[in-house]
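Note that the protein sequences, when read in sequence, are chains A and B. Using my numbering, the letters of the first sequence correspond one by one to residues 1 to 223. Using my numbering, the letters of the second sequence correspond one by one to residues 224 to 1038.
Some hints here could point you the wrong way.
Computed cross-link-like contacts, DSSO-like style, restricted to lysine-lysine with a CA-CA straight-line distance of at most 27 Å [claimed, not checked]:
id, chain 1, residue 1, chain 2, residue 2
1, B, K551, A, K123
2, B, K639, A, K83
3, B, K564, A, K123
4, A, K86, B, K714
5, A, K115, B, K230
6, B, K873, A, K115
7, B, K551, A, K138
8, A, K115, B, K878
9, B, K230, A, K86
10, B, K647, A, K86
11, B, K504, A, K83
12, B, K551, A, K86
13, B, K226, A, K123
14, B, K805, A, K79
Incomplete in silico selection of chain A near chain B, CB under 8 Å [what the hints assert, rightly or not]:
id, residue
15, N53
16, L58
17, D59
18, Y85
19, K86
20, Y88
21, F91
22, H97
23, I99
24, E101
25, L102
26, P111
27, Y114
28, K115
29, D128
30, G149
Label-pair restraints from in silico Cβ distances [what the hints assert, rightly or not]:
id, chain 1, residue 1, chain 2, residue 2, range
31, B, N940, A, N20, 51 to 59 Å
32, B, K564, A, E186, 34 to 42 Å
33, B, L623, A, I144, 51 to 59 Å
34, A, R81, B, L624, 29 to 37 Å
35, A, L218, B, L957, 37 to 45 Å
36, B, W591, A, K118, 21 to 29 Å
37, A, G182, B, L624, 54 to 62 Å
38, B, L623, A, L218, 41 to 49 Å
39, B, L956, A, D131, 55 to 63 Å
40, B, A1029, A, D131, 43 to 51 Å
Please keep in mind that the hints were generated in silico from the structure rather than gathered at the bench. Even for Gly, the Cβ is constructed at its ideal location relative to N, Cα and C.
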Amino acid sequence: MQNILVSLNEATRTVNSGSNKVTLLDTINLNVEAGEFISLMGPSGSGKSTLLNCIGMLDHFTDGGYTFLGEPVHSMKEKNRAKLYKEYIGFVFQAYHLIDELTVYENIETPLLYKNIKSSERKAMVADMLDRFNIVGKKDLFPIQLSGGQQQLVGIARALIGQPKLILADEPTGNLNSKQSGEIMELFAQLNKEGVTIIQATHSESNAAYGSRIINLLDGKIV
Amino acid sequence: MIKNYFKIAWRNLMKHKVFSLINIIGLTIGLSASFVIGLMIYYDATFDTFHKDKDRIYRVVTDLTSPEANFSIPGVTLALEDAISENSNFETVSGFYIERPSKVENRVLNSEFKWPNFVVFADANYFKIFDYKFLAGNTSEILASPNNVILTENRAADYFPNTKPSDIIGKTLVYNDSLHITVTGIVENFKERTDFVFEEFISHSTILQTRLRDDFLNKNWNNTNDASQLFVKVTSNADLSAIQNRLDDLAKEHQDEESKKYGDEQKFTLQPLGDIHFNEKYGIYDWSKGQASKSLLINLALVAIFLLLLGCINFINLNTAQASQRAKEIGIRKTLGSSRKQLIGQFMGETFLLVLVSAVLSLLLSRWLINVFSDFVPEGLSYELMKSPLIILGIAILLLLVTFLSGFYPALVLSKFNTVSVLKNHLAVGNKKVKLRKFLTVFQFSIAQVFVIATLLVGQQINFLLETDMGFKTDAIVSVYSPRAEREISKKELYALKLRAIPEIKSISIGGNAPASISTNSSSVTYNNGDNEVNLDLQFIFGDVNYVEVFELNLIAGRTIRNDTVKELVINETCRKRLGFKSPDEAIGKTVLLGDQSVPIVGVMTDFFQRSLRSDIKPMAYRGDWYQPDWSQFQAVHIAFQNESSADFKGTLSKIENAYKSVYSETDDYRVEFLDETIQRFYNREQKMSKLLNWATGLSILISCLGLLGLVIYTTNRRVKEIGVRKVLGASLLQINTLLCKEFLTLVAIAFIIAAPIAYYGINNWLQDFAYKTRISFWVFLVSGLAMIFFALLVISVKTLQAANANPVDSLRSE
């Protein structure tokens, strides 16, 4: 029980579109154990991103139960939820979503700022991360000066800096060519080996193959 | 964290240079105005705040009311002091008398000082109320005996240069050739801002040796003089209403029969020390300083507030308009764990940085502004005042307030963005925010529009004031005033004789003030037509027989006076009507009672303006100089020039001055006034107001247009694609421009509709001060509305033309 990270019990997400009620996620039951590498697959609009956002607490289920590390997220206050999320979850996006006004170094540092980590400690952690991803030489560049693969590398570094238990990646290689894409997936596999739980959404069979488990979604249902 | 915020704030400032510049200019203008005006308010509000027990010090002042007119006098009747000095509500009662000696001599040094200013006759009580620091002299017996004087440090330095205070004690000064007075004390001048500018304190009992002896021996309840001042310090538990009752009783008790008959009343009131600096009714002691005017300060403060608001509005408008550009950053920060509070903090930090930059610029700018606004800025105000702790605190609070006002709403809007939709690029810019921006723009332009209309209307009224025919000749007339002390007529006649030799001069009259002046001389006259008695307050102008000719007064019946000293009156039309004469001719030959003398009316002249057009035309009479040669009312020689053109004015003027010097060889008190300038000076206040309005208008238009420009830049950038498509479909430059301008011009038009009635109401109110005013003409509104639209169009077109001209291929390719 202890090593179950995420547990969804009949989780449902609906939105109102005009007078119609549209169900984006329909009674999802899912347990994710620590150390898993899950690939979410399915066509566009099947609900992969919504599921990721809901698990990542950027969005919320409208019905059903969501337990994270044994804590009931669905009945939690916003403040506690933010705390939980800051502590344990890192995001990687298809469009990288780096802050254009910040340098590579500053982008990676930002999550630490929100965790109120001391300056000296921050420096050490960011330096480690830059080292690990071999981007020390690029630390003073702005995102616009980097290639897509490099930007995504920074994005992953930024997601990892807070030492999250869970990384949520929404089509992390969607904007990359196959070579860059392979490198990023290798990186994910490596991270997974080191103990980080990963849930990725992807269209690509080959990328999905890196995962330990594949979950197929169609019209908001697990199939 | 903070460092990170400032870093990103700085980078954002640099990235959006135009927007930042617009914001900074707007805020800088608002802040500079606030700084300077705040400084002025602080300067005026801190007058005489340093006195011990300042809340218990009052000046007793007199209000005279009669059915005809009301007068406010800063002095009281001499008799009042004795009547209240025993009252237990007062801790100290101190009366003093302001009297300028004609001459003070230090005979040891053989130096002479003419008409020294700020000399008072006072006693020890004055020094009990106002705490002076004695640099030398006996403080236990202050001004105890006659013929003693206490000098301030500054005055002592004039009379006894380079002498130590302790060495001055015991030295003698000679006043008015005959009074030998010993210096018994030297006090320090007040170091802080004060209206108590007195420099010489002669012991009160000395006054019995001056021309005022009779006044002080027979103190009279019916005679009130500005110079007779009375200060009281009430006890700490004094009953102010009881004091007022006592003063009212005293006034009633001593009302004489004649006053009762005509309904004249006098009322004594306590004027708080803090009121002296602001209350124009009673004035201050140093006339040259110009008094603080509460209404002017309020108007200035309003201008500052409006300018500041306009700056804040620009900020809000531009930042919410730009919001979508920042949305991505916000979304990312939220996914990285930033709370909404932290985001708000970040944006407020950015705003604060901008405000700070503006504040630094404003501090530099206000140094210069103090010079530009020298008409409004009190003379003694220096930039050093900025260093006083209260001002620094005030600035800090102001900066925080401005940061909050301009930053809070945009921060709220920005931090509210939904993370998921931002990151998916599904950002819908709410209709509500667009509405708010429109509202704010309308607000801005309404303010600017009100200023424009007000400026034009005030200008129109000033024009009217200056252009209106005063009813007598005002051009090419100069008045040369005789030395102040001169009471006899002989020298003026000699001077007039010399002037007659100058060919450029058309006519010369010896007389009192010009027909229009700020000083009046009046007394009450009675006319009995057999049935009933008419009593009225009659103003006088004094002049010799040539007066009518020099000023080209219009006689409509009778004749002018026969000579200078014959007791005859030439009344004006208003007086004729008030006395009840049906026609001018009917008045001729009737006699009125002036004091105890019967004086015949020999002529009637048309009405003319005796003062500014603010006041009505009052009953007036022109008369000679009845008490020649000993006590002459004539103070000036009025000279009309042959030639109205100013070609040879200078030469003639120097001839006039030379003639003066040959007659008055011993004085250097040459005072010449041009009548047209004197009349212009009536309207100093209006001119000042007009200048202020010009600035306010210019700046508010500038800020508003900058804000508009910002919005236009933003909107057109967003519509680049639409413009491109329309051009491809065949729209012309003009059509596109019209499309883009329409939206903004509607706002300006709405602003006009809001502003017009406000401006009308305000100006209409202002015009009530004037007895004579222009009509508020509607073309002014039309012109100002069109002007505003023109300005707006100019600003908008700068950007829209550029957008419309752009090659559609470029704008469409990016998709």
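The hints, checked one at a time:
With a C-alpha separation of about 26 Å, the suggested pairing of B:K551 with A:K123 holds against the 27 Å cut-off. Between the alpha carbons of B:K639 and A:K83 the distance comes to roughly 19 Å, so the proposed pair stays at or under 27 Å and holds. A C-alpha spacing of about 25 Å is found between B:K564 and A:K123, which places the hinted pair at or below 27 Å, so the restraint holds. For the given pair, A:K86 sits about 98 Å from B:K714 by alpha-carbon distance, which is inconsistent with the 27 Å threshold.
Simply put, A:K115 and B:K230 have alpha-carbon atoms about 19 Å apart, close enough for the 27 Å limit, and the pair holds. With a CA separation close to 82 Å, the supplied pair B:K873 and A:K115 exceeds the 27 Å bound. For a cut-off of 27 Å, the pair hint linking B:K551 to A:K138 stands: about 23 Å separates their Cα positions. As the CA atoms of A:K115 and B:K878 are separated by approximately 88 Å, the hinted pair breaks the 27 Å bound.
Between B:K230 and A:K86 the alpha-carbon distance is near 23 Å, which keeps this suggested pair within the 27 Å criterion. Note on B:K647 and A:K86: the hinted pairing holds, with a Cα-Cα distance of about 21 Å set against a maximum of 27 Å. A hinted pair counts as satisfied when its Cα atoms are at most 27 Å apart, and B:K504 with A:K83 does not qualify at roughly 67 Å. With a C-alpha separation of about 19 Å, the suggested pairing of B:K551 with A:K86 holds against the 27 Å cut-off.
Distance hint between B:K226 and A:K123 is fulfilled; the C-alpha atoms sit about 14 Å from each other, no more than 27 Å. The suggested pairing of B:K805 with A:K79 is violated, with an alpha-carbon distance near 92 Å, which exceeds 27 Å. Among the interface hints, the one on A:N53 holds; its C-beta lies about 5 Å from the nearest C-beta in chain B, closer than the 8 Å criterion. Annotation: interface hint on A:L58 holds; nearest CB of chain B at approximately 5 Å, less than 8 Å.
The restraint placing A:D59 at the interface with chain B holds, with a minimum CB-CB distance near 5 Å, inside the 8 Å limit. Taking 8 Å as the C-beta cut-off, the interface hint given for A:Y85 holds, the closest approach to chain B being about 7 Å. For the restraint placing A:K86 at the interface with chain B, the shortest Cβ-Cβ distance is roughly 4 Å, inside the 8 Å limit, so the hint holds. About 11 Å separates the beta-carbon of A:Y88 from the nearest beta-carbon of chain B, more than 8 Å, and the hint is not met.
Taken as an interface hint, A:F91 checks out: its beta carbon lies about 5 Å from the nearest beta carbon of chain B, inside 8 Å. The closest approach between the C-beta of A:H97 and any C-beta of chain B is roughly 5 Å, which is under the 8 Å cut-off, so the hint is satisfied. The interface hint given for A:I99 is met, as the beta carbon of that residue sits about 5 Å from the closest beta carbon of chain B, less than 8 Å. Hint status for A:E101 relative to chain B: holds, with the closest Cβ pair at about 5 Å, below 8 Å.
Interface restraint check: A:L102 against chain B, minimum CB-CB distance 7 Å, threshold 8 Å, status holds. Interface restraint check for A:P111: the shortest CB-CB distance to chain B comes to about 5 Å, inside 8 Å, so the restraint holds. At its closest, the beta carbon of A:Y114 sits 4 Å from a beta carbon of chain B; the interface hint therefore holds under the 8 Å criterion. Annotation: A:K115 was flagged as interfacial toward chain B, and the flag holds, the nearest CB pair being 7 Å apart, inside 8 Å.
Interface restraint check for A:D128: the shortest CB-CB distance to chain B comes to about 18 Å, outside 8 Å, so the restraint is violated. Interface restraint check: A:G149 against chain B, minimum CB-CB distance 19 Å, threshold 8 Å, status violated. Distance hint check for B:N940 and A:N20: the Cβ-Cβ separation is about 35 Å, which falls outside the suggested range of 51 to 59 Å. Evaluation of the 34 to 42 Å hint for B:K564 and A:E186 yields a pass: the beta carbon distance comes to about 39 Å.
The hint said 51 to 59 Å for the Cβ distance between B:L623 and A:I144, and at roughly 35 Å that hint is violated. Checking the proposed 29 to 37 Å range against A:R81 and B:L624 shows it holds: the Cβ atoms sit about 35 Å from each other. For A:L218 and B:L957, the Cβ-Cβ distance of about 55 Å falls outside the hinted range of 37 to 45 Å, so the restraint is violated. Remark: the range hint 21 to 29 Å for B:W591 to A:K118 is contradicted by a beta-carbon distance near 46 Å.
For the pair A:G182 and B:L624, the supplied restraint of 54 to 62 Å holds, since their beta-carbon distance comes to about 57 Å. At about 56 Å, the CB distance of B:L623 to A:L218 disagrees with the hint of 41 to 49 Å. Range check, B:L956 to A:D131: Cβ separation about 58 Å, and the 55 to 63 Å hint holds. Taking the beta carbon of each, B:A1029 and A:D131 are about 47 Å apart, inside 43 to 51 Å as hinted.
The earlier numbered hints that this structure contradicts are 4, 6, 8, 11, 14, 20, 29, 30, 31, 33, 35, 36, 38.
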